[in-house]
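Here is what each chain is made of, one letter per residue.
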Amino acid sequence: MVPLSWYLIFAAALFSIGLFGVLSRRNAVAILLGVELMLNSVNINLAAFWRYGDVSQMAGQVFAIIVFAVAAAEVAVGLALVISVYRRRNTVVADEINMMKW
Amino acid sequence: MATELLIWLIPLPPVLAFFLIVLLTNRNKALSHTVGVGAAFLSWLGSMVVFVRALGVEHLGEHPFVSSVTWLPLGETTDTYFDIGILVDPTGAAVLFFVAWTIFMIFLYSVGYQNFGQPKGDHDQAGLPPHGATVEEHGHRHRVPSVEPMYSRFFAFLGLFAFGMYVLVLSDNLLTLFVGWEIMGLCSYLLIGFWYAKPSAREAGVKAFMTTRVGDVFMLLGVAYLYSATGTLSFREIFTEGVLHTLATVPSGVLGLSAAGLIGLLLFIGAVGKSAQFPLHVWLPDAMEGPTPVSAMIHAATMVSAGVYLVIRMFPLISLDPTTMAIVAFIGAFTALFSATIAVAQNDIKRVLAYSTISQLGFMIAALGIGAYVAAAFHLITHAFFKALLFLGSGSVIHGMEHGVLHTGDHKVDPQDMFNMGGLRKKMPITFWTFLIGGFALSGFPVLTAGFWSKDEILADAFGHGHWAVFITLAVAAFLTAFYTMRQITLTFLGEPRTKEAEHAQETPWTMTVPLVVLAFFAVTAGWVGIPEHFPALGGLIPNWFHEFVGGTLAEHPEAVEFSIWPLLTSLFVALGGLGLGWLVYRNVKTPAEDRLQIPVLKNKYYFDEIYDYLFVKPAYWFAETVIYKFMDQGVIDGFLHSFGPVTDRFGSAIRNYFDLPVINRFFGDGSANVTYWFGGKLRVVQTGRIQQYLMFALVVFIAVGAALYFFLLA
Amino acid sequence: MTGEQIIFLLTALFTLGSGVMVVTSRNLIHAALWLVSALFGVAVTYALLDAAFLAVVQVVVYIGAIAILFIFAVMLTRKDMRDQGPQMNTNWWFGALLSVLVFGGLFFLLQGWSGLSRTASPIPPGFDSISELGNALISPDAYVLPFEVASVLLVAALIGAVYVAFNPRSGDTRK
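Chains as they are written, first to last, in this note's numbering: chain X, 1 to 102; chain D, 1001 to 1715; chain S, 2001 to 2175.
Pulled out of the complex, with its shape left as it was, chain X reads as follows (with noise of 0.2 Å):
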């Protein structure tokens, strides 16, 4: 059998390569993609606590589809943001859009 380690540090894996993404991409479009790995890798770690806790308890399995449903409405949302900035700015270079500074 596979143990519980094995999963978590999988999903902590997967989890700081998004976060990479995030912090490093020039790139709007490549920071959401960034977020959805670090979503992912969460997700993973809340369908292996729920396999390897009582499995009759449905909360992971449950915050998981909701995490689905946050995740498609933050990607819905981020693209709209990126497309509505990029007809206005003509970028999509996220150092560029840096219009809330002082």
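Just so you know, the hints here were simulated from the structure itself, not pulled from any lab data.
Careful: at least some of the hints might be erroneous.
[What the hints assert, rightly or not] Listed below are the simulated SDA-like cross-link pairs for lysine to any residue, each with C-alpha atoms no more than 25 Å apart in a straight line: (1) Lys1682(D) - Asn2089(S); (2) Lys1682(D) - Asp95(X); (3) Lys1412(D) - Glu1203(D); (4) Lys1603(D) - Trp1622(D); (5) Lys1500(D) - Asn1347(D); (6) Lys1618(D) - Val1636(D).
[What the hints assert, rightly or not] A few chain X residues that don't get close to chain D, going by computed Cβ distances all over 12 Å: (7) Met1; (8) Pro3; (9) Trp6; (10) Ser24; (11) Val42; (12) Asn45; (13) Phe49; (14) Asp54; (15) Ser56; (16) Ala59; (17) Val67; (18) Ala69; (19) Ala73; (20) Asn98.
[Said to hold, decoys possible] Ranges of calculated distance between the beta carbons of each label pair, as one might list FRET restraints: (21) Gly53(X) - Leu1683(D): 44 to 54 Å; (22) Asn90(X) - Phe1702(D): 32 to 42 Å; (23) Leu2145(S) - Ala1673(D): 51 to 61 Å; (24) Leu2145(S) - Asn98(X): 36 to 46 Å.
We treat Cβ as the ideally placed atom computed from N, Cα and C, and that holds for glycine.
Using the hints, position chains D and S against chain X.
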């Protein structure tokens, strides 16, 4: 009603009248004089009742009417109080008698004198004497006297004055006596300056107030010394043998006087101011600027009597020191002669009487100075009656003359100048006869008049006790008195009218003549109560009641002097001689130029006003102007204050430039702002607007804090 | 090493490799496609965890909808078909450092946890996870409220996305 309670109530009506008139009835003249005269009547009634009851008490001197209440906690121990109260002993009763009569008569007289019932003046104004009104009658216009514009105020002041006098007479201690004394001082100022729009009246009021103030200060010193020496101001407590003995033996350290002598001298100076004795006599003639009832009130009945009354009251104390007594006698005798000589040369009818008053008061003071206690009190009372009579009579004359002035319309004629008069006996018979009685009483016309008996008693005392200087001085003064009195009567009433105004003079209304008649009655009869026992023919017909009665006030009953024919002859001679000479000299004098006695030095009152002006008034002005104003105020005080400005200014700018600007403004104010600005400037670069950098910062902080928490809390 | 472990390791390697390609590939279309493969790997992981429903939803929703959405977005935000210039920002090394730190931190924390090496108990016979999940989602005693809130969130996101992405300059089509 118990006599003591009644005595307490006597001073009350006039002061109530004062407040009533001032506060309520001021606008209604009839109501005001009703209140005023009514109050005077009530006090008169009470005084008469008290007087009659006092007559019925045997040995009143040992058992006077006394009553006192605790007034002022002294705080030395818990229940020591300064007591105030009333005292009516024989002297007090006698004084109360004449005070009540004269005050009541003066109130009544004022109604007529201030022209009550006459129309309002054409152009009268408050603060000036009424100028007369024009009325139409039977088709032709003529001018009549007009009512005084400040009629109600006059009665209010009179009421307050009467209150002061009653308080003074009835007090059983020096403090309330002094209170009444000062109330009268204030009222004399108010009344002398009653016509305040006249500059001369204003100045006379101030002069009277200031001059008497000089005496009052000394009197207050005397009162204070007396209180510190004995611990009491009550007459009855002071005039005990022990206290008097202590006062007489303790030296005061001033001029070699004993304590009693110094206190007596200080109190006597107060009396000098109030009774207008030399050298503080100057205010009294000027006080004639007031309305005539005021002159009568101040000069005859009350205020000047107050000075003599004080000396009479304090006689047991003053008589302890021979030096003080000598001073008193000297001042009195000197004043009597000195002012009699001035009176000879005066033309103003009231001024003659004013100097006459000073002279007669000098008689009393001199009498006290030689120990003639009873004679002084006797003369005080008779003088009050006939001098009040003379003043009111002169007021009546002036009033009649004003009538004439209004008739002719020539306002340059002075209705008070005797050389404008003459022949008034036909026009004003009642005034003439009463004035004649008063004048004869003043001159000491033998046997009939009161003045003869009292003056004779003074001369007899001086003769009997061997005070030759006093005797001769007073005799000469008495001669002059008769002389100038006859001069006055001759010029005013006898002969033919010298002016048109005198021809048209008119008798005055009954409110003025009734008081004259009443006072004339007393001017005659008041003397009969004191006829010496051994007087030829008359002696013994009526017992010498006055001597017994008033003499009972003193602890040691004074012996009546042995009868001697010389003083009697002297007074007969001076009275009749003076009167006769006066008539002889003045019966044919028509103008002032014919009057040989218009000697400048006498006319100008020995230049005392001028001397005082140079000695006191001018230096005071100079002192005020040069020293106080220019040097003290402008130089020292203003200079000091002005130096304050620059110093404060410099100090202020120093604080501003060296503390406020650099420390507060630059360091704390601008400094904190600059620091914040600098930090803001440095920190604002953090706000890059790059979302990834924010996230990095967040993570760094998260990791750092998480690590720290882990290592420091969990591990 | 059992077959299941081998399958897990292969899947994990595949997923992590795809993830690295997602965050490093220069071409965004490639990155989106690498994301699809990573998401597929995650779906396999779900299957390995006996979460069949999640595996299906992962494939249908993520790969079928979200990944396609990304590809559309990439295409809509490009001037030309090539991605020019650097795809990493200037602080990428710091991001990498932080990521390593986070991983290290998580690894460190997991190591100290006692339940780390537990194994899964077998699924009880007759246990139907899908019907259990369905019951949990719509049961008033369980998670119906979060479920409904999620639906509201989706509607709000739908409307918000339409509003935000609406191009005013292109004008109202109904005009």
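Results of checking the hints against the structure:
Annotation: proposed proximity of Lys1682(D) to Asn2089(S) holds, straight-line Cα distance about 24 Å (limit 25 Å). Only pairs whose Cα atoms come within 25 Å are accepted, and Lys1682(D) paired with Asp95(X) is accepted, the gap being roughly 21 Å. Our distance criterion of 25 Å between C-alpha atoms is met by Lys1412(D) and Glu1203(D), whose separation comes to about 22 Å. For the suggested pair Lys1603(D) and Trp1622(D), the alpha carbons sit about 29 Å apart, so the restraint of at most 25 Å is broken.
A C-alpha spacing of about 18 Å is found between Lys1500(D) and Asn1347(D), which places the hinted pair at or below 25 Å, so the restraint holds. Of the supplied pair hints, the one linking Lys1618(D) and Val1636(D) holds, its CA atoms being roughly 23 Å apart against a limit of 25 Å. Met1(X), annotated as away from the interface, keeps every beta carbon of chain D farther than 12 Å; the closest lies near 31 Å. Consistency note on Pro3(X): stated as away from chain D, and its beta-carbon is indeed over 12 Å from all of that chain's, at 24 Å minimum.
The non-interface label for Trp6(X) is consistent with chain D: the shortest C-beta to C-beta separation is roughly 24 Å, beyond 12 Å. For Ser24(X), the condition that its CB be more than 12 Å from all CB atoms of chain D is violated, with the nearest at approximately 8 Å. The Cβ of Val42(X) lies farther than 12 Å from every Cβ of chain D, with a closest approach of about 16 Å, so its non-interface assignment holds. Chain D leaves Asn45(X) outside its interface by the beta-carbon criterion, the shortest separation being 18 Å against a cut-off of 12 Å.
Under the 12 Å C-beta cut-off, the non-interface status given to Phe49(X) relative to chain D holds; the minimum distance is some 21 Å. Every Cβ of chain D is farther than 12 Å from the Cβ of Asp54(X); the closest lies at roughly 27 Å, confirming the non-interface assignment. For Ser56(X), the condition that its CB be more than 12 Å from all CB atoms of chain D holds, with the nearest at approximately 33 Å. Listed as a non-interface residue, Ala59(X) keeps its Cβ farther than 12 Å from every Cβ of chain D; the least gap is roughly 25 Å.
Consistency note on Val67(X): stated as away from chain D, and its beta-carbon is indeed over 12 Å from all of that chain's, at 20 Å minimum. For Ala69(X), the requirement that its beta carbon stay farther than 12 Å from each beta carbon of chain D is met, with the minimum near 24 Å. The Cβ of Ala73(X) sits about 19 Å from the closest Cβ of chain D, beyond the 12 Å cut-off, so the non-interface label holds. Non-interface status of Asn98(X) relative to chain D is broken: a Cβ of that chain comes within 12 Å, the nearest being about 3 Å off.
Gly53(X) and Leu1683(D) have their C-beta atoms about 47 Å apart, which keeps the hinted 44 to 54 Å range intact. At roughly 34 Å, the beta carbons of Asn90(X) and Phe1702(D) sit within the given window of 32 to 42 Å. Between Leu2145(S) and Ala1673(D) the Cβ separation comes to about 52 Å, which falls inside the hinted range of 51 to 61 Å. A hinted range of 36 to 46 Å holds for the C-beta pair Leu2145(S) and Asn98(X), which are about 39 Å apart.
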